[in-house]
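S.K.: Letter by letter, the chains look like this.
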Amino acid sequence: MTAPWSAGEEPQVYPIARSGDVVHIRQAIRALSQQCRLSLVDQTKMITAASELARNTLTYGGGGTVSAGMVSVDGRRGVAAVFEDSGPGISDVEQAMTDGWTSGGGLGLGLSGARRLVDDFQLRTAPGEGTAVTIIKWVR
Amino acid sequence: MTERIPILRIGKTLVVSVQFDLEDQTVLNLQEDLAEQIVAKSAQGVIIDISALEIVDSFVGRMLATVAAISRVLDARTVVVGMRPAVAITLVELGLSLGGVSTALDLEKGLAKLSRPTSSALR
Amino acid sequence: MKRDSAVDLVGLLSVEGEELAASWVREVATSLGGRIGVAELDRELRELHGALREALREGAVDVHSEQMSEVRALLTELSRNRARQGFSPSETAMSVFALKRVLEPVLQNGSAETIRAYLQLGRILDGLGLFAIETYTQTRDELITTQAEQLLELSTPVVRLWDGVIAVPLVGTLDSARTQVVMEKLLQALVDTGSEQAIIDITGVPAVDTQVAQHLLKTIVAARLMGAECTVSGISPQIAQTIVALGIEFDGIVTKASLADALKLALRRSGVDMVAHEGVQR
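Residue numbers (my numbering), protein chains in the order written: chain A, 1 to 140; chain B, 1 to 123; chain C, 1 to 282.
Be a bit skeptical, because a hint or two may be false.
Claimed, not checked - Output of the computed footprint for chain A on chain B, the stretches with three or more beta carbons under 8 Å from beta carbons of chain A:
no., segment
1, 13-26
2, 40-46
3, 50-60
Worth flagging that the hints you see were computed from the coordinates, not collected in a lab. Beta carbons are placed, not taken as given, at the ideal position from N, Cα and C, and that holds for glycine.
Kindly generate the complete structure, drawing on both the sequences and the hints.
M.R.: In C-alpha cells:
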C-alpha cells in the first residue's frame, strides 16, 4: 500500500539511525496530528504507534527511514507514516503480530500494539528484503 | 552525555518528575539511578510524576513496571502519579495494563497513598 | 423563437404586475395556515417573483440555468427557513406551486401562445419546486446530524455524587462510538474533579455486546492507570447472562447490584463513615 498522500503535500522523510531520532519522529507526528485536527486521544494513539514502530525499525531493522504526511481519500483526512528498513525482514509475520512475542527482548507489543492504535495498518516484509509498515489514523 | 532526570528526596520518599519527552537511554538511566538511590537513601517510597508526559509508549511503560518491581524487592513502594486520560486510554489499547504498579491522580494523593499502611499489611 | 417564448414567459409573470405577486402571497399564506408572518412571506415571495422574472428575461430555460442563480439562492434560503421552522416538505413546495394556481385564470380565453407559455412556465416551476424539496431535505438531514451529536453529549452526563466520587448513569443502547465518548468524558472528569472513585451505572442499559463490554473494561483499566477505582452498578440479569455467555473476563472488576450499594462502597473506600441516627423524625 502506498499511502494516498494529499495532493501537493509531499511527505517529509526522517532518518531513523539512532535512539534520539525516535524523539524527533514523535515530535513530527505530533505536529502533523495537530495540524490535521485529530482528537487528543487519536493524536496520542498515533504518536505512540509511531514511537513503537520507529523503535522497531531501529532495533530489528538496523535503522531506516519514516515518511510522514497528511493523506486524504474520498474527503476523509488523516495522518500517515511509512516506516521502512532494509534489515533482515520478518519470516513469520503471524508470529510477529502476536501479543507478547519478541525476538529482541522487548515486551512484544510493538507491532501488535501499534496495529490496535491506528485505523489502517499494513505490513510488507520478506526474509532478507527488509520491512515496510504503513499506518494511517483518520480524522473521526 | 545523555540527560539525567533529577531525583528529589522528601524524608523517606524519592520524587521524580518527568518534564519532557524522554529518549530511551534517559529512561534506562532513570531506572538505574532510582534503584541506586532507593538503597543509598534507604527510601521507602518512590513517586514518579508523569503528568507532563503526552505519551507513554511500551518502553516507558516497561520502565515504570520494572521500577515498581525493583522497589518491591528493595522493600520500597512505587506510585506513578498524574497519568493523563489520553495516555491511559492509549496504554490500555496498546496492551499494557501495568499490573503491579500503584497509581494516584496527583502528587498529593500519591504521597497520601504512601503514608497509608499497605493493604497487604491490613489483611 | 426562443426570444419570443422568453418574452411570453416574462409577459405571463408581469400580467397585472404587483397584483400577481399579492395573489401569490395570499395563496401561500392560506396554505401555511397563518403559521408564518405575512410580512415575511410577502418579502420572500416578492423577491422571488422579481428574481424569476429577471431570470426569464435573460433567457433562463430551467432551474439549472446560469441565469437562475439568484432564484436558486432565494429558494435555498426559503427552503432552509421552512425546514428549520418545522414546515412539511409539501408546504415548502407549495410556496412554488401556488404560483401555477395563481396564474390559472390566464388560461381562460387565453390565446394558444399564452397556453403554451403557461405550460412552459409550469415545467420551470415544477423544477423549482423539486429544488425546494431537495434543499429542504438537505437541511433536515443536517439538523438531524447536529441533534444526534448533541444527544450524544447530553446523554452522557458525568455527575458528582460526593467529594471524590463521580458517576455516569448510562441510559439507552450503548454503541461503540457512544461508549468511547463516555470513556473519555469519565476519565477527564476524574482529573477535573480530583475524584478517586467512579461509578458506572448501567441500570438503564438494556443490552451490551462484546465490543461495548470491552470498552467498559478498558475504561476501568484506564481509570486504574490514572489512580482511580471504578465500580459498575445496575447490571441487569440479561446483561449478566450476556457477559458470561460471551466469555468476557470481568475478573478484578467490582460490581454492585444498585447505584446505592456502589455509592456506599465508594464512600467507604474514600474513608467516609455513614451512621444512621436513631429516633430521627422522618
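S.K.: Decide, hint by hint, whether the structure agrees.
M.R.: Verification of the supplied hints:
1. For the segment 13-26 of chain B, the assignment as covered by chain A holds, since 5 residues bring a beta-carbon within under 8 Å of that chain's beta-carbons and 3 suffice.
2. Counting residues of the segment 40-46 of chain B whose CB lies closer than 8 Å to any CB of chain A gives 0, so the stated coverage by that chain is violated, three being the minimum.
3. Using a Cβ-Cβ cut-off of 8 Å, 6 residues of the segment 50-60 of chain B lie near chain A, which meets the minimum of three, so the contact claim holds.
Consistency note: the structure conflicts with earlier hint 2 alone.
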